[in-house]
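Q: Protein chains in written order, with the working numbering: chain B, 1 to 162; chain G, 163 to 460.
These are computed hints drawn from the structure, not numbers from a lab.
Here the structure is a predicted model, which means the values were calculated and not measured.
Idealized CB from N, CA, C, for every residue including glycine.
One thing to keep in mind: the hints can contain errors.
The calculated label-pair distances, taken between Cβ atoms and stated as ranges, are [to be verified]:
no., chain 1, residue 1, chain 2, residue 2, range
1, G, K285, B, D115, 35 to 41 Å
2, B, K146, G, E404, 44 to 50 Å
3, G, S177, B, F59, 27 to 33 Å
4, B, P114, G, E183, 49 to 55 Å
5, G, K387, B, F59, 46 to 52 Å
6, G, I298, B, F59, 32 to 38 Å
7, G, P445, B, N52, 38 to 44 Å
8, B, S5, G, E292, 37 to 43 Å
9, G, S281, B, K78, 25 to 31 Å
10, G, E399, B, I131, 33 to 39 Å
11, B, F59, G, S303, 50 to 56 Å
12, B, K55, G, D262, 37 to 43 Å
13, B, Q10, G, P361, 40 to 46 Å
Here chain B is said to cover these stretches of chain G; the calculated rule only asks that three of the stretch's residues, wherever they fall, bring their Cβ under 8 Å from a Cβ of chain B [to be verified]:
no., region
14, 166-179
15, 182-190
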Amino acid sequence: MRISSKLEKQLEEYVVENKEKHYRIAYSYVKNTDDALDIVQESIFKALISLNTLKNPEFMKTWFYRILVNCSLDCIRKQKKIITLDNEVLYSYIDEVNDTYTDIDLHKALDELPDSYRSIIILRFFEDLKIEEIAEILNENINTIKTRLYKSLDKLRIKMND
Amino acid sequence: MNDKKINQLKNEYMSIPIPAELEFKVKKSLKEGKKAMNKKIYIKRLLATAASAAVIAISFTVGINTNEALAETLSDIPVLGGIVKVLTFKEYKFSEKTYDVDIETPALDGLENKSLQNSLNEKYFNENKELYEQFINDMKSLEENGGGHMGVSSGYVVKTDTDKILSVGRYIVNTVGSSSTTFRYDTIDKKNEILITLPSLFKDESYVDIISSNIKEQMVEQHNKDENKFYWVEGIENELAELFEKISINQSFYISSNGKLIISFDKYEVAPGYMGVVEFEIPTEILKNILVSNEYIY
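Same shape as in the complex, but just chain B (with noise of 0.2 Å):
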């Protein structure tokens, strides 16, 4: 059976017209503009291959988020056979930099947490997603991602008044 050629249209539409948004959060990940742009290609070649998971095409943009932060985690683990450090090691040293430093470097203190906790930040805080919709991406049940979310946030030095 052909795929509806509709629905093919309307992730064409989709990607197209998300294409910056895809690419920083690709960037966000990989900090790097070639693996960006791969990332971003390789998402949207998955997508179109696998368009027939894709059961309500009212959640492409949640469909289409969990292939590209798969990719970028994909992306990331390959690079971390080459750089090899542990988030130990990343841990230790997010703590003597608090330490040392009252005014710390947000941009970097958030390059440094885990990536499931980065995801989390970048998906609520600048793609303002729902919790739920980011469940949805990352696969995790609506608790995790709370708890994580505010565990970031702690480790960001920064207290939501909830």
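Dock chain G against the given chain B, drawing on the hints supplied.
A: Frame of chain B; chain G shown alone:
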């Protein structure tokens, strides 16, 4: 205070520079994705019907010098009526692990005009030799990079064989992941023993626009009748692929046995991959004022 920090982060995030090539890359991968997607559909269609030229091209293998049968099935013409005929001159064939090669070189025989015959035969021979060598090189480099599947299949079909005209089409099917098919035709006037080129049929170059606009109409018309027939052309909604503008001066063509001009496009040239190689018959009516004569096309 907190909002400030979040905003600060957000501002930094929003100021991530967007590279200029993003747009291009997005379109490129849309195209590639669609190709891959269409290929899935294409294979299904291959199984369901055996209609397109590409299908025919892929599915039969021909023994040496047995193209009489071929000529019979592909053009509704008595077998090799004239003295001029097409023979299989040379065949490269091997199949090794994940690599497949099947290259057939046609050769013309029986033309009085030996320089025409030789030049065409030489062209066929050299092109296929090059194709074969190219494949071997590609195979080596692929093997060095971890290996993969690759295949090339090339051969020919006699499209038309009448007292007057002989049209031979040579095809190349490249398979690396997805397959691409190209068709090149040579049409010979058997009586006068000359090679017919597209420009030589017409008084001037106005045929390019006349034929192109007719093909565009046909594309839209076919699509309106059957929405699965899809072309990259103005009038069929599609924002991304490059639209078909006009045929090239030396566009692939042949002349059918009933004297009609057939314009041929390679796979992916004007339509998604599942459409395969596409052909359009141009009504003689619209060409009559610009044709040099009605000898070939009527």
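Q: Decide, hint by hint, whether the structure agrees.
A: Each hint tested on the structure:
1. G:K285 - B:D115: 35 to 41 Å: With Cβ atoms ~58 Å apart, the hint is violated.
2. B:K146 - G:E404: 44 to 50 Å: holds (47 Å)
3. G:S177 - B:F59: 27 to 33 Å: Between G:S177 and B:F59, where Cβ atoms are some 30 Å apart, the hint holds.
4. B:P114 - G:E183: 49 to 55 Å: violated (31 Å)
5. G:K387 - B:F59: 46 to 52 Å: violated (34 Å)
6. G:I298 - B:F59: 32 to 38 Å: Given about 48 Å between the Cβ atoms, the range is violated.
7. G:P445 - B:N52: 38 to 44 Å: holds (40 Å)
8. B:S5 - G:E292: 37 to 43 Å: Since the Cβ atoms of B:S5 and G:E292 sit about 38 Å apart, the hinted range of 37 to 43 Å holds.
9. G:S281 - B:K78: 25 to 31 Å: The hinted range 25 to 31 Å is violated for G:S281 and B:K78, with Cβ atoms some 53 Å apart.
10. G:E399 - B:I131: 33 to 39 Å: holds (37 Å)
11. B:F59 - G:S303: 50 to 56 Å: violated (42 Å)
12. B:K55 - G:D262: 37 to 43 Å: holds (38 Å)
13. B:Q10 - G:P361: 40 to 46 Å: Given range 40 to 46 Å: holds, Cβ gap about 44 Å.
14. 166-179: n = 9 at 8 Å, threshold three: holds.
15. 182-190: holds (count 7)
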